[in-house]
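*Asks:* Since the structure of chain A is provided, determine the placement of chain B on it from the hints.
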Amino acid sequence: MMMRRRGLLRLGLASGVGLSFSSWFRELAAVAANHPERTKSCILVWLNGGPSTIDLWDLKPGHANGGPFREIETPVAGLKISEHLPTIARQGRELAIIRSMATKEGDHTRASYLARTGNVPLGAIQFPGIGALVAKELQREGADLPGYVSIAPPGAQAESLGYASGFLGPRFTPLMVGSDYGTVDDLVVPDLVRAVDVSERDFAERLKLIDLVDGGFRSTRHGRVLDSQREAGAQAVRVMRPASARAFNLGEEPDRLRDAYGRTVFGQGCLMARRLVERGVPFVEVTLGGWDTHNENFPAVTTLSRTLDAGLGTLLGDLSQRGLLESTLVVCMGEFGRTPRINGQGGRDHWPNAWSVMVAGGGIKAGQVIGRTSRDGTTVEERPTRVPDLLATLCKVLGIDHLKQNDSNVGRPIRIVDRSAKIIEELVS
Amino acid sequence: MSLVDFPSRRNASGWVSSSAPGILSRPTWTELSEFMFSCANFMRLLEWMAACRTYALVALAGLVFVPVARAEEAPSTGALTARIDRFVEARLQERGVAPGAEASEAEFLRRVFLDLAGRIPSVAEARAFFDDTAPDKRARLVDRLLASPEYARNFATVWRKAWLPQAETPTFSELSDGYEAWLREELSRETPYDRMVVRQLTASFRPPRPGRPQPARSFLEASQFKPENLAANTTRAFLGLNLDCAQCHNHPFARWTRDNFWQTAAFFDASPTGLVIEGTDRAVTPALLTGEAVKWPDAREESTGRTVLASWITSRDNPFFARNAVNRLWAHCFGTGLVEPLDDLSEDNPAGPVELLGELAAGFGRAGFDLKLLIRSMVLSRAYQRTSAGRAETAEADGGSLARMPVRALSGEQLHNSLLMAAGLPASPANAGVRSDRGRFVALFRAGRPSLAERSVSQTLTLYNGTLATALTRPETSPILKAVARSPFLDDAARVDTLYLATLSRWPDAAERTPLVAYLAEVSGQPDRERALGNLFWALINSTEFNSNH
Chain A
0 MMMRRRGLLR
10 LGLASGVGLS
20 FSSWFRELAA
30 VAANHPERTK
40 SCILVWLNGG
50 PSTIDLWDLK
60 PGHANGGPFR
70 EIETPVAGLK
80 ISEHLPTIAR
90 QGRELAIIRS
100 MATKEGDHTR
110 ASYLARTGNV
120 PLGAIQFPGI
130 GALVAKELQR
140 EGADLPGYVS
150 IAPPGAQAES
160 LGYASGFLGP
170 RFTPLMVGSD
180 YGTVDDLVVP
190 DLVRAVDVSE
200 RDFAERLKLI
210 DLVDGGFRST
220 RHGRVLDSQR
230 EAGAQAVRVM
240 RPASARAFNL
250 GEEPDRLRDA
260 YGRTVFGQGC
270 LMARRLVERG
280 VPFVEVTLGG
290 WDTHNENFPA
300 VTTLSRTLDA
310 GLGTLLGDLS
320 QRGLLESTLV
330 VCMGEFGRTP
340 RINGQGGRDH
350 WPNAWSVMVA
360 GGGIKAGQVI
370 GRTSRDGTTV
380 EERPTRVPDL
390 LATLCKVLGI
400 DHLKQNDSNV
410 GRPIRIVDRS
420 AKIIEELVS
Chain B
0 MSLVDFPSRR
10 NASGWVSSSA
20 PGILSRPTWT
30 ELSEFMFSCA
40 NFMRLLEWMA
50 ACRTYALVAL
60 AGLVFVPVAR
70 AEEAPSTGAL
80 TARIDRFVEA
90 RLQERGVAPG
100 AEASEAEFLR
110 RVFLDLAGRI
120 PSVAEARAFF
130 DDTAPDKRAR
140 LVDRLLASPE
150 YARNFATVWR
160 KAWLPQAETP
170 TFSELSDGYE
180 AWLREELSRE
190 TPYDRMVVRQ
200 LTASFRPPRP
210 GRPQPARSFL
220 EASQFKPENL
230 AANTTRAFLG
240 LNLDCAQCHN
250 HPFARWTRDN
260 FWQTAAFFDA
270 SPTGLVIEGT
280 DRAVTPALLT
290 GEAVKWPDAR
300 EESTGRTVLA
310 SWITSRDNPF
320 FARNAVNRLW
330 AHCFGTGLVE
340 PLDDLSEDNP
350 AGPVELLGEL
360 AAGFGRAGFD
370 LKLLIRSMVL
380 SRAYQRTSAG
390 RAETAEADGG
400 SLARMPVRAL
410 SGEQLHNSLL
420 MAAGLPASPA
430 NAGVRSDRGR
440 FVALFRAGRP
450 SLAERSVSQT
460 LTLYNGTLAT
470 ALTRPETSPI
480 LKAVARSPFL
490 DDAARVDTLY
500 LATLSRWPDA
510 AERTPLVAYL
520 AEVSGQPDRE
530 RALGNLFWAL
540 INSTEFNSNH
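As you go down the protein sequences, you meet chains A and B in turn. Note that numbering that gives the first Met the number 0 has the first sequence beginning at 0, numbered continuously upward. Note that numbering that gives the first Met the number 0 has the second sequence beginning at 0, numbered continuously upward.
Simulated from the structure, these hints should not be mistaken for lab results. Note that the coordinates shown come from a computational prediction; the quantities given were computed from them, not determined experimentally. It is possible that some hints are incorrect.
[Stated by the list, open to error] Covered, in the sense of this in silico footprint (three residues per stretch, anywhere, with C-beta under 8 Å from a C-beta of chain A), are these stretches of chain B:
hint: 1; stretch: 378-389
hint: 2; stretch: 401-415
hint: 3; stretch: 443-450
hint: 4; stretch: 505-519
Backbone N, C-alpha and C fix where the C-beta goes; we use that ideal spot for every residue, glycine too.
Bound conformation, chain A alone:
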């Protein structure tokens, strides 16, 4: 009987509440944004393919390796970035740039896996990506939206690049929206809406029937497998609710704002990311691919920078304006940097030895540069930083104990980030 009542309650929520949602949601969002204990969220802007960070965040003007790009000033003295990132540059006070990432993996897959999981691929152990790890720690019980949403992931290869939840299981698998190779129209959640010939009434009946059919089994069978199915079922219904499904509906945003983000998959993805963190999703990532610039690096990076600047720059401003930047950590990175020496095709090759990451929001100590590379950009001269150091720091900013252990698929507990990781103290206020 309990079950049937719950079914009816669910039905009530599915049909009635959506209509009045918009009016009180705005208030709720405003309250949430100003609440001092608001749980933090993270937006990872993933530059897939190995971004030429020497042409974005750590330029080398006056050196042959520097190429044709010029630096521009930001409001912070000494913090200069590429001339092709003017919107981001204007928000220099919100940025911290780590210029001393030094890693050892120069292969896309291995390096991505390392950058996103903190580990090199080790056969059987399915390491979860940082998105799943954060979602597990910060997802609210009973939240309507999933804890980890991945916007425009790089197709079928995403999983081997560390977009997966690994041993944390399907509960923290990213809900994938669209594809890096798709169009703006593809920025939708697969199977989010009922089939055309299934009416709202039918769907409500179906949910009631599940409870009816499952009643006996439910009272005699127990365990994690069944709990997760019930939980996913309830969550699917919640995310199908008009109010949650709206999180993915960019049509509600004013045209001018959509234009400012850029009418690209990435730009619109950044806008969707804002809509999601606004509604309490703890981890959202937006992928921008195309950075593997072995040939003709500079025209390609110019174009990519424009897309990045519109999307990420507008996102930072938009978050700030809504009072969400303090509680939203934004990280912009890829799997490695590119060779400072420009090759014969005007391109740059893979360079894990010295590269940069941009961090903003989330209450970090912003307006600073951390670490330094040599004058030619080839080596880290000050404060070499490894991936686990970066991930542990992101955890700290998000209020997560990075030494916490999770059960792994090989039966051994594994820490969120390895014990050898050192927090980048300069970044944490």
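*Replies:* Below, chain B without anything else, positioned relative to chain A:
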């Protein structure tokens, strides 16, 4: 098939030709030696040999090499089953846990179909089983399933996941179909387990000629033919040992050293000067993990190292080889391995399960690595045939004690096969491919360990609103719905009953039937009835009972 049974010349040659490809493999040796030691049969053996000289020569040559130790009696299914139950029941008694009730016949039917054939039973199969009144019907069902092509298809997937986990990554997903096809072929020919492993490790490094694929080579290919990858993957897949950490450093607690790792890797390296340890300038030569001396043949070629290693790995004296197979099959049937993690047989493990593992492993070896014997002995045990029902409060205390069967998630393959079966649709072809609709569905519903696998929101949305679920709930594309909705002979109770049998492989009880009959009675007119039946079928395939192996 037992050798002792052949009564006439014709049967003898019939037997030999049907299993000729396997005649050089161990079960034949074991059976032959067993046979030889029985005096009466020895005369008949001579008779038979005279009858078919070609095979007799081969067999006789083989007999010379069969060590006396091999003449130990191969264990029977019954003996292994009894050993399993003695162990499980002693443990329950030790812990003061009462064993759960025996699984109902419907529970057993569904469970054994999913574990052995990878799908739920059809309506006809379920009815036939329920109607069968013979006391040995469970054993006969197991035999029938093990003899079916679906056994080979299902376990090709099971072993592919154990041996080639890389096939679930985009880089190596293309290997999956060919490899499974090869495994299917070997399993349906009842190739002994050890031979399947040897064939993979000794496959050619040379690329196959165009149009002549060599799927047995997939294992080497998925390690990119690199000695260090092969060392890690070979020991994990076939010995249940985890040497990964030893690749870079000596592990503080485990017994494997960095040298162990690279010495194992060196078997896959043909260079005469030894294999250089990554990051050092030190080279090592091949050496076995157990420290035994390696017997090298006089003439060495590229594959010699692998051949030597493969013969050590698959030897009956190898302390890990048979244990690993038994432990993985145990995990397949019972949800959790006797020893966990599955790839770490070297760690200190609780003595009780290790002892059982050792005994089952020895029996598996004596039986010539006969997989079906091992599976049969597990699923016919009382331990396997316990109900999964129980009170929630005791679930924790019972965990791992096998007082009852744990509830497991369905793999993507099991789920897809079962959805089609429930709707009365034909099975999708085994070689549908990773890019087919089935391939995409299976990839989306990929689950890790079935006893732990959790369902994601994306998976649920697809099962709620996806194209397959939608097609299955429309009479035009769902044969079961069409039959149930349009058959003039059925009343609403019979409709409910049939849908239950098709999806949950059992009849509903009265408390379940009554409200559902009432639900169907509320509607009038054919379109509304079809809609209501579609809703009910949707609810059944989205129930947790349908979506789990219990």
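*Asks:* Run every hint past the structure and note whether it holds.
*Replies:* Structure-based check of all given hints:
For the stretch 378-389 of chain B, the assignment as covered by chain A holds, since 3 residues bring a beta-carbon within under 8 Å of that chain's beta-carbons and 3 suffice. Counting residues of the stretch 401-415 of chain B whose CB lies closer than 8 Å to any CB of chain A gives 4, which reaches the minimum of 3, so the coverage claim holds. With 5 residues having a beta carbon nearer than 8 Å to a beta carbon of chain A, the stretch 443-450 of chain B meets the requirement of three or more and the stated coverage holds. With 6 residues having a Cβ less than 8 Å from any Cβ of chain A, the stretch 505-519 of chain B passes the three-residue criterion, so the hint holds.
Violation of the numbered hints given earlier is absent; every hint is satisfied by the structure.
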